[in-house]
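Number of protein chains: 4
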Amino acid sequence: MIVVMQEGASEEQIQSVISRLMGMGFDIHRSTGVLQTVLGGVGAKPDFDTREIELMEGVQEVHRIVAPYKLASRHFRPEGTRVALGKGVVVGGEEVVMMAGPCSAESAEQVNAIADFVAGQGVRVLRGGAFKPRTSPYSFQGLGEPGLRLLRQAADRNNMLLVSEVMDHTQIAMMMEYVDLLQVGARNMQNYNLLKELGRTAKPVLLKRGISATIEEWLLSAEYLMSGGNYNIILCERGIRTFENYTRNTLDVSAIPVVHKLSHLPIIADPSHATGRRDKVNPMARAAVAAGADGLLIEVHNNPEGALSDGAQALFFSQFEELQRELRLIAPAVGRTMPAAPVTAGTPPAA
Amino acid sequence: MIVVMQEGASEEQIQSVISRLMGMGFDIHRSTGVLQTVLGGVGAKPDFDTREIELMEGVQEVHRIVAPYKLASRHFRPEGTRVALGKGVVVGGEEVVMMAGPCSAESAEQVNAIADFVAGQGVRVLRGGAFKPRTSPYSFQGLGEPGLRLLRQAADRNNMLLVSEVMDHTQIAMMMEYVDLLQVGARNMQNYNLLKELGRTAKPVLLKRGISATIEEWLLSAEYLMSGGNYNIILCERGIRTFENYTRNTLDVSAIPVVHKLSHLPIIADPSHATGRRDKVNPMARAAVAAGADGLLIEVHNNPEGALSDGAQALFFSQFEELQRELRLIAPAVGRTMPAAPVTAGTPPAA
Amino acid sequence: MIVVMQEGASEEQIQSVISRLMGMGFDIHRSTGVLQTVLGGVGAKPDFDTREIELMEGVQEVHRIVAPYKLASRHFRPEGTRVALGKGVVVGGEEVVMMAGPCSAESAEQVNAIADFVAGQGVRVLRGGAFKPRTSPYSFQGLGEPGLRLLRQAADRNNMLLVSEVMDHTQIAMMMEYVDLLQVGARNMQNYNLLKELGRTAKPVLLKRGISATIEEWLLSAEYLMSGGNYNIILCERGIRTFENYTRNTLDVSAIPVVHKLSHLPIIADPSHATGRRDKVNPMARAAVAAGADGLLIEVHNNPEGALSDGAQALFFSQFEELQRELRLIAPAVGRTMPAAPVTAGTPPAA
Amino acid sequence: MIVVMQEGASEEQIQSVISRLMGMGFDIHRSTGVLQTVLGGVGAKPDFDTREIELMEGVQEVHRIVAPYKLASRHFRPEGTRVALGKGVVVGGEEVVMMAGPCSAESAEQVNAIADFVAGQGVRVLRGGAFKPRTSPYSFQGLGEPGLRLLRQAADRNNMLLVSEVMDHTQIAMMMEYVDLLQVGARNMQNYNLLKELGRTAKPVLLKRGISATIEEWLLSAEYLMSGGNYNIILCERGIRTFENYTRNTLDVSAIPVVHKLSHLPIIADPSHATGRRDKVNPMARAAVAAGADGLLIEVHNNPEGALSDGAQALFFSQFEELQRELRLIAPAVGRTMPAAPVTAGTPPAA
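Residue numbers (our numbering), protein chains in the order written: chain A, 1 to 351; chain B, 1 to 351; chain C, 1 to 351; chain D, 1 to 351.
Quick caveat, the hints were computed from the structure, so don't treat them as lab data.
Check each hint, because a few of them may be wrong.
What the hints assert, rightly or not - In silico DSS-like cross-links for lysine-lysine, where the CA-CA straight-line distance does not exceed 27 angstroms:
| # | chain 1 | residue 1 | chain 2 | residue 2 |
| --- | --- | --- | --- | --- |
| 1 | D | K196 | C | K196 |
| 2 | C | K203 | C | K261 |
| 3 | C | K196 | C | K261 |
| 4 | B | K196 | A | K196 |
| 5 | A | K87 | A | K203 |
| 6 | B | K203 | B | K261 |
Said to hold, decoys possible - Computed far set for chain C versus chain B, every beta-carbon distance over 12 angstroms:
| # | residue |
| --- | --- |
| 7 | E79 |
| 8 | A108 |
| 9 | L251 |
All figures in this text were calculated on a predicted structure; none of them were measured in a lab.
Even for Gly, the Cβ is constructed at its ideal location relative to N, Cα and C.
Could you put together the complete structure from these sequences and hints?
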C-alpha cells in the first residue's frame, strides 16, 4: 500500500499512520520529499481496506499496490491455462471453441433437432438451460431436472459435451451427473455460497461476468473458485449495463484482451445475451473472435419464433451456418483454428 | 402491446404480425393511418417478450403498455403499505424508522455497546450481519449463527427488533428464529430461488436494490416475493453503479419519490453502503429523509477504526448523535416524525 | 507520481523507468523492498500522462499523487469562496441562494409574470434562456438577443439579478451587457475555447457539470476558468447519465458534500434538468439543500403546459410556493438561512 | 405518438388528452379496450416533447412512434451513403478506409516521417491535430494553424487526404483551406453553433460520438448537419463512458451494426481514443472491422514515448504494420477490401 500524506501533514499525523499500518502487518518504507511524505507498506495479507487509512487525518491518497487476487493473476501461470472439458475439447488452446444450443430445453424433439444441427456444423459443446432465472415471476422457469436429462441425451447421441447453468449450491451434486461444464450466470457471479461450493469440486466452471461487474471483481470471483482448489475456470464476457439501450447490454469486447493480459484464465464471449437481438449476434461474434476470444457461447433454435424463452436472440440455423463460415475466415487472421464441419454432419453416432 | 408498423409495410406483413399476436393471446385493435398502421394488443399475460415482434418484417417499434409487475404496483394498493415489524414499529407510516448498528457482529461486548448506544438514541431496530458476502475470499466472512445469537441478545436487552441478511434459501428457517426482518442483499436481488422461498413465509423482508438494477427490475423482484404471498416488503435504495468513483456507489435519491409513485411499498435508504465513507453518510442520510424516505439503515460502531469489516463507512457515536439531531429538524419539514431519545438512554430493561 | 514495479522487474527495467521520469522533470525517491521496488517521483508540472510510464516494461502500476487541479482545490482557499453577484447576493455564504425562472424567454408578458412571481417569493436571481441548445434541430431554439433584453427588463423591474446561458465565445461580449452571472451549460463544460475566454473576464460564471463528467474533470474545467484569472466560479450539479432512465438524468446529490471537501468553490443544484419531470423537482430540491447545497436553480413557468421548451420540468407557481415553505424549514437544520418572502411580494418597484 | 391511458381513466381525462394532442397538431385515432384506452397521434412535426402528455392526469405511458431524426434515417436513403473524400477515396463503399497519423502535429520532421510511413502502408488519409482540446489547462494545446500547414504539406507530398479537428465555428473558414475532412470531436458533438455552420458547407464531416451520447442523440447531431444541407457525414464510434475503468472508455462495437441498420451514413471506429492504451488498439481495430466498420482512425507515431500528447495510445510503426497485415485477412471475411501496400512504400512522390 502507498500512502501519500497531504502537504503540511504533521509529524504526529505521519506517526499515527505508520503505527496503524504496522498494526495491519505492513513493513513501512518512508520517503520524505520537500513537500510531501510518502509511505510504502509491504507484506500484509491482501484483504485490507484502503479506506481505513484514507479517512485518517493528514492523509491525501491511498493506493493498493498488489492486485487483490493472486491465483487468478497472469503472474500465477504466465503460460496461460488450458481447460480440458473432455473428449479432447480444450478451451484456451489454438482452437476457437464453439458452444451452441437453445436457451432452454423445451422437449426431446427440440433439443435433438438443435443438437444434431450444431454437431453437424462441427460444434463439440451443447449449451442449454434447465433452470431459468427470469426477471419476471410469470415467465417460463425451465423444465428442471427432466430438461437436463433431455440435454444430456441430445449431447450423447452427437458425442458432444454439455454446459448448463447451476442456480444454487444445493443443485451442484445433482447437476454434476449431467453436465461437463457448470455455468455460473451473471446474476450469480457474486453468490459466494455457490462459488465456495463449486471451488471444492474439480468440475470445469464457466463464470459469466455480472452485468455491472468490473474486471477486477470478476477476477475476484474466479479467485473464490480457485482458492477452494478448482483451477478449471473459463471466463465469459456477456455484456455490461451502460446508458445505451438499443442493445440489451453492451458487449465489452475490450475485456477480452484485458483479461488475457491480467489473467491466465481463458475467456469466451456470449453475444446472444449481450445484444439480445439475433440480427446483432453475428457481427458481435465475429468481433469477439477478431479480438482474441477463446470461444463463443451462441443461442441457436430450430424455431426461434416459437421458443419458450429468449427466442429473439436465438439464431436461425442458416444464420449459424453463415457465422461458422465467417469465423473460419477470421480465426486464422488471429492465429486460431476452427474445426471443419464433419462430413457426417447431422448423423448421430450409431448407438 | 402497441406495434408500430413501418411506413410502407405490406398488408401481408401486417397480417403476419396480427396472427402472431393472436397466437400469443392478444385481442387486436388495428388503426390504419395515412402513413402507418398501428396495432394494439390487449389481454395476454404479462410475460411476453416484445423483442419477438420487434424482429418481424415490417415492424418499426414495439411498446408494452402494461407494467410487467402487478402486485408491487401502486394501483394494487393506492393507499400505500405499512409494514409492521412488531413492538409497535411500522415502516411506511408517519415515523421515519431508523435501523442502526454494526456492519458485522464481532463480539458480545461490541454488539452490546453499539445496541445500548443506538437504543439510547431512540432507535428501535438493530442492524448487524452474521454472514458477510465479501468481494475477496480472503476477507472476514462473519461469525455465522453465533453472531446472530449475539445480535438477538443485544436487541432483546434493549427491547429492539433485529434486521440481518440472509444469503441463501437454505438459511431461511434458521434465521427466522433470530430476526424480525430478513434482509436480501444487493447481490441477491435476483437470486430467484431465495426470493421464491421468502415469498412463502410471512416474515417482513428488506429488499435491497442491486447496484445495477433498474427500478423496474427491482419492483419485479418484489413481485417474486409478493406472488408467493408475502406482502410485507420494504425496499431499500443503497446506491447504484455509475461512472463516478469518488463515492463507492451513487445513492439514487430520486428513486425514493419514483418508487413512491410507482409502488405502494415503503422505501428506506442506506447511505452507509452507497457512499462507503463515513464523512459522506450524514449529508446523504439527510438528503434521503428530505426526499421522503420512510427510514434509514445506518452503520454505527463503537470503534470504527478497529472494525472487522467496512469500518470506513461506520459512524462514530458522536456522528450518529449529530445525525439524529439534524433529522429531528428535517422530518417535520416533510410531514414526518422522529422518535425522541428516551430519557433512560442506554439503560437495559430489567431482565 | 508513484511507480510500482512488478515483482521480479530487472535492474535494467528499473533504471529505464528512472531515467524516463527524470527526463519528465521528476526528482526520484527509490524504495526497494523484498519483493518489489517502488519509485516516487516529485516535482514535475502537473500535466504529465501516467499512461506513458504504465506501458513500460516491468511496470505494474502508476499513480499520480497530486490532484491535476490546483486553483480549484480546497487547499488553495481552505476557508471557501464566496461569489458576490451584486445587490448583496452572495453564493457560498449562509444563505441558500434561489435562482428561478422559465427555461426560455418567450414574451414580455411571460417573462414579467414569472419574474414578478418569483421575486414575490423572495427570489433574488432570475434565470431564463435566450439561446437554447436543443437536441433536435427542429425544436424551438430561443429568441436570441431580444430574449435577453426581455429577461433583463423583467429582472430590473423586480430589482433582481439575471443568469443566462452563453453558448459560444463569440457571444460573451454581447451577453455581458445583459447578465450578472454567465451560465456554461452541461454540453459546454469542456468547450475550452469558451472557458479560456470566460477566464479572461471578471464576470461570475455558473459552470454546470457535464452529464458524464467525473468530479475531477469538472474541477479541471473550473481550473481552466481560474487559470485565466477569473475566480468567481459557482459549480452546478445537474444530473449525470446512468443506466436508470425513469428520470432523465440522476441527480448526483453526493457530489455536493464531495465538492465541498475537494474544492473551495460553492456548489448549487439544478433538480429541474436532472429529473426532467416537475413532480420530482421538489423532493430533489429538498434533498440537495439537506445535503448542503449553496443554492438551487429551478424552472418555474406561469403556464408550464404551454411552454415552448421543457415545460414538463417547470413548476407551477403553487408548487414553487410549497417548495419555498419546505426549504425554510430544512435550511436551518443544516445551519443555513432562506430569505423570507417580502411583504411587497409581486409588486414591482416604482419605475 | 401513442398515449396509453391508465385503467379507469375518466372520459374527461381522455378528452383532455385528445384536445391537447390536437392542439399539438396531431390527428387522433382512439382505441378503447375493455380495460384501457389507447390514443394514437399521427402527423405533427417531430419536435414535440412526450413528457408534456406523460404528466397529464390519467395518462399511464407515452411513446413516440417516429424517430426524431429523418434525414439521418436509413429510410431516407435505403441504399446507403458513400462519402467521397477526393482522390478516389470513398467511405461507405467496399474498401475499409484507413485514416492514420499522429495525435498532434509537433514538427515538420515528425509529421513527414509519420505521413511517409503510413502512406507506404497503403493509407490514403492522414490524421493529425493542430488544436487540441485537453482536459487540463496545463497540457500541450497544439501548434495551431502552423500545425495545419505542416500536416497539409505532409499529406501533399504523399498524395494523401487530410482529416483534422475543428474546435469552433470561428475556425471553419480557415480550416477548409487545409483539410479534406473536418472532424467534430466527441466533446463538440452537441455544439450546435458549430454543427449549424458546418451544415452550411459542402465539406465532408467526421462526427465523433460523444462519450455519453446515445445512438439516437448522435444521429440527431448528424441531423443538425444534414438539415443545413451537408449530407457528406461520416460517423465515428470512439468509446463510451461506462463503470469499467481499465480502458479509458469502452468501444461500443455493437454501435457499428446498429448504426448500419438505423442510418444510411457510413461509420468508422477510433480504437486509439477508446482504449487509451496502445496494447489494446490492434485487438479492437480488428474487432471493429469484423463487426462491419467502414474504416478506422488510428494514432501512429514515429516516437510514441516522446509524443507531446496521448503518446500512450499511439502505435509504433511495427504495430501498425502488423495491424495492416491482420486486417487484410479479416476484411474479406466480411466482404470488404483493404488496399495493398504500394510497391513504392515510403517513397514520397517526386515534388
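Here is how each hint holds up against the structure:
1. D:K196 with C:K196: holds (23 angstroms)
2. C:K203 with C:K261: Holds, because 25 angstroms separates the two Cα atoms, which is no more than 27 angstroms.
3. C:K196 with C:K261: Between C:K196 and C:K261 the Cα gap is close to 26 angstroms, so the pair holds against 27 angstroms.
4. B:K196 with A:K196: Distance of about 23 angstroms is within 27 angstroms: holds.
5. A:K87 with A:K203: Measuring from Cα to Cα gives roughly 14 angstroms; hence the hint holds.
6. B:K203 with B:K261: Holds - the C-alpha atoms of B:K261 and B:K203 are around 25 angstroms apart, at most 27 angstroms.
7. E79: C:E79 is indeed farther than 12 angstroms from all Cβ atoms of chain B, at 19 angstroms.
8. A108: holds (35 angstroms)
9. L251: Violated, because the least Cβ-Cβ distance between C:L251 and chain B comes to about 6 angstroms, which does not exceed 12 angstroms.
Violation of the numbered hints given earlier is confined to hint 9; every other hint is satisfied by the structure.
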